[in-house]
Amino acid sequence: MSAKTLFEKVWDAHVVAPETADTPAILYIDLHLVHEVTSPQAFSELRERGLRLRRPDRTLATLDHSTPTLPADASGERPYATAEAKAQVTQLETNCREFGVELHGWDSADRGIVHVIGPELGATQPGMTIVCGDSHTSTHGAFGALAFGIGTTEVGHVLATQCLLQRKAKTLAIHVDGALPAGVGAKDLVLHIIGEIGVDGGTGHVIEYRGAAIEALSMEERMTVCNMSIEAGARAGLIAPDETTFAWLKGRPRAPQGAAWDAAVAYWRTLCSDEGAVYDREVRIDAAKVRPTVTYGTHPGMAIAMDKPVPAARNAVEKRALDYMKSEPGKPMQGTPVDVVFVGSCTNSRLSDLREAARVLRGRRVAEGVRMLVVPGSEAVRRDAEREGLHQVFTAAGAEWRVPGCSMCIAMNGDLAQPGQLVVSTSNRNFEGRQGKGARTVLASPATAAASAVAGRIADPREYMTEAAA
Amino acid sequence: MKPITRIHSRTAVLADENIDTDRIIPARFLTTTERAGLGKLCFNDWRYQADGSDNPAFPLNQPQARGCAILVAGRNFGCGSSREHAPWALLDYGIQAVLCSEIADIFRNNALKNGLLAIVLDEAEHRWLLEHPGIELTIDVREQYIALPDGGRIRFQLEPFARHCLLNGVDQLGYLQQHGDLIDAFIREREDREAAIHGRTPQQDQSRLAGVTP
Chain Z
0 MSAKTLFEKV WDAHVVAPET ADTPAILYID LHLVHEVTSP QAFSELRERG LRLRRPDRTL
60 ATLDHSTPTL PADASGERPY ATAEAKAQVT QLETNCREFG VELHGWDSAD RGIVHVIGPE
120 LGATQPGMTI VCGDSHTSTH GAFGALAFGI GTTEVGHVLA TQCLLQRKAK TLAIHVDGAL
180 PAGVGAKDLV LHIIGEIGVD GGTGHVIEYR GAAIEALSME ERMTVCNMSI EAGARAGLIA
240 PDETTFAWLK GRPRAPQGAA WDAAVAYWRT LCSDEGAVYD REVRIDAAKV RPTVTYGTHP
300 GMAIAMDKPV PAARNAVEKR ALDYMKSEPG KPMQGTPVDV VFVGSCTNSR LSDLREAARV
360 LRGRRVAEGV RMLVVPGSEA VRRDAEREGL HQVFTAAGAE WRVPGCSMCI AMNGDLAQPG
420 QLVVSTSNRN FEGRQGKGAR TVLASPATAA ASAVAGRIAD PREYMTEAAA
Chain X
0 MKPITRIHSR TAVLADENID TDRIIPARFL TTTERAGLGK LCFNDWRYQA DGSDNPAFPL
60 NQPQARGCAI LVAGRNFGCG SSREHAPWAL LDYGIQAVLC SEIADIFRNN ALKNGLLAIV
120 LDEAEHRWLL EHPGIELTID VREQYIALPD GGRIRFQLEP FARHCLLNGV DQLGYLQQHG
180 DLIDAFIRER EDREAAIHGR TPQQDQSRLA GVTP
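Respectively, the protein sequence lines represent chains Z and X.
First residue of the first sequence? That's 0 in numbering that gives the first Met the number 0, and the numbers climb one at a time after it.
First residue of the second sequence? That's 0 in numbering that gives the first Met the number 0, and the numbers climb one at a time after it.
Careful, some of the hints might be misleading.
Said to hold, decoys possible - For lysine-lysine, the following DSSO-like pairs were computed, each having C-alpha atoms within a straight-line distance of at most 30 Å:
id: 1; chain 1: Z; residue 1: 330; chain 2: Z; residue 2: 307
id: 2; chain 1: Z; residue 1: 167; chain 2: Z; residue 2: 3
id: 3; chain 1: X; residue 1: 1; chain 2: X; residue 2: 39
id: 4; chain 1: X; residue 1: 1; chain 2: Z; residue 2: 167
id: 5; chain 1: X; residue 1: 39; chain 2: Z; residue 2: 85
id: 6; chain 1: Z; residue 1: 3; chain 2: Z; residue 2: 249
id: 7; chain 1: Z; residue 1: 436; chain 2: X; residue 2: 39
id: 8; chain 1: Z; residue 1: 318; chain 2: Z; residue 2: 307
id: 9; chain 1: Z; residue 1: 436; chain 2: Z; residue 2: 330
id: 10; chain 1: Z; residue 1: 3; chain 2: Z; residue 2: 169
id: 11; chain 1: X; residue 1: 39; chain 2: Z; residue 2: 318
id: 12; chain 1: Z; residue 1: 288; chain 2: Z; residue 2: 330
Just so you know, these hints were derived from the structure itself, not from any lab.
Take these sequences, add in the hints, and give me the full structure.
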């Protein structure tokens, strides 16, 4: 048998009908994640056609995008941005009741950002196919699952048939050799990678991240890397599961137990690219060269080490991006004054991210005039963070500690920046207007975000890694 | 979906590269639970000025761009979020085809499923179209060419199944449902392996044979 890549192994295990010249493959989906924004029209379609869900037991819903991150008032009323946002949430509650879908709603101890709770619950497992009406579904690839975002029409297809019509993607191996320097993390690495291969460098491909620097990452860090695969145009990112993966999953509510666990691990161990497997493209990245990295333009490919000078615009579009950001060619991003700092999103809202930010903030204050929001990725993250007292570190520093949700990453729940404000954000997209009309987004790691909050300017977190006297 | 065989229109050009789906329809409008009526929000933050009037600097607000159904856009159109609201908004705004040298995967997929022709061209042909806004084109889906005013033709390739669905108005969910028996057999066979691999959930036994319709 010929050598296969990890992608090919997972793909082949899910083919219901193979692709032909005229027809795409019918691909079986193991786990369908659902949220309030991209599902209502799909449920309506099912209702109009008189269809039920094919696998309600393989469908998991949560509320995250339109939800307020300020708590409910004394009467239990939540401060939705608009009546429409509230109606959208109510619609998902109704749809889940009517179609028998497990919903992690307001009353659930597990509610949170869809890409945070899937792994937390152990619903995300190696070798699965996972989809969601959300481009950051690529996050789950950190476990060796083939996970990608789909549109609402396809959400309807999966709800009704548990299958999708798909053409097989090409493969791109990104080998990250060596080790990341001290004080440099997964977010710096993935911003560096996108800066290298470009915002469309992965279009048409599934990325497999491999190499010593990838193997050394924790699961949370691997999720950060895979999460941003879509920012290079790749629908999915994959990392072969290993001991780190198994240790992270063991004992989680939906993970296999007892003898089933052993059988699962035995299978999961086969999920790696075979020696001699051929990729359509390969790229090599030297981890030792990565420094604290931020974006300077209006897409994630415009990323650079914060101490390196911003490059000159090569065309009118880049010129427009630099003008929008007020980024000056020849000057580094480090030192740029900051108005807002956001720590959160499916990229960086897990416990380790909050610890990273708290480590910088402990015993320090957010600079005068800077607003800082810290939004945990899930109720579980919130509980764990509060158990460790991280919320007190944030509030003592002058930051706002919020209720879990997507918040300022997509800025559709009322959490947003004002026109012209510069936001240092741990999220994934720095598109024009993404965090509010006219808002200027600089993507960064949680450590860089926290250091910048303290300095009031974009700052190198390595200068804040020794804890200040409390 | 109604069949689409030909589109005839003048072109409008948005030359910017990397026009993301947030620019096509900003996230704050995604609280809708409907597909209809999003055209007025298409390119909202680019198209309108602060007072709500048309922004004269937005290329599609130019008089010669009005009513154009074919959009020639800069490379990597539709990158970013998977929101299907982007093709819904473009179609409702009057755009029936997007021509580009590279189109983001999820957007292209969503567009074709809604009858918005997302067509990838060679770089040289794309560049030529970017440099010649307002020309009359006919897009022939069956024969896969674009007819130019001088009689010349640009060839393109659509994924064969997408083309078949466009030409015949095929309902893709209906197509999947026709393979219900195959899907059921796959699930039954997989279930036994899954029980060992992923563990069995309590509802699984009830729903495994649930079928597509109630």
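- Item | Straight-line alpha-carbon gap residue 288/Z to residue 330/Z, limit 30 Å | Between residue 288/Z and residue 330/Z the Cα gap is close to 20 Å, so the pair holds against 30 Å.
- Message: Just to be careful, I want the Cα atoms of residue 318/Z and residue 307/Z compared with a cutoff of 30 Å; is the pair within it?
- Response: It holds: about 18 Å lies between the C-alpha atoms, which stays within 30 Å.
- Message: Between the alpha carbons of residue 39/X and residue 318/Z, is the straight-line distance 30 Å or under?
- Response: Judged against 30 Å, a Cα distance of about 28 Å means the pair holds.
- Task: With a cut-off of 30 Å on the C-alpha distance, tell me whether residue 3/Z and residue 249/Z pass.
- Result: Cα-Cα ~27 Å, so holds.
- Taking only the CA atoms, is the gap from residue 39/X to residue 85/Z under or equal to 30 Å? Holds, at about 22 Å.
- Query: Is residue 436/Z within 30 Å of residue 330/Z, Cα to Cα?
  - Reply: holds, 25 Å
- Does the structure keep residue 1/X and residue 39/X at a Cα separation of 30 Å or less? holds, 23 Å
- Query: Is residue 3/Z within 30 Å of residue 169/Z, Cα to Cα?
  - Reply: Within the cut-off at roughly 13 Å; holds.
- Item | Satisfaction of hint between residue 39/X and residue 436/Z, Cα-Cα up to 30 Å | Holds - the C-alpha atoms of residue 39/X and residue 436/Z are around 17 Å apart, at most 30 Å.
- Query: Would the pair residue 1/X and residue 167/Z pass a check requiring their Cα atoms to be no farther apart than 30 Å?
  - Reply: Holds. Residue 1/X to residue 167/Z sits at ~27 Å (cutoff 30 Å).
- Could you grab the alpha-carbon distance between residue 167/Z and residue 3/Z and see if it respects the 30 Å cut-off? Holds: residue 167/Z and residue 3/Z sit about 14 Å apart, inside 30 Å.
- Is the straight-line distance between the alpha-carbon of residue 330/Z and that of residue 307/Z 30 Å or less? holds, 8 Å
The structure fails none of the hints (numbered hints given earlier).
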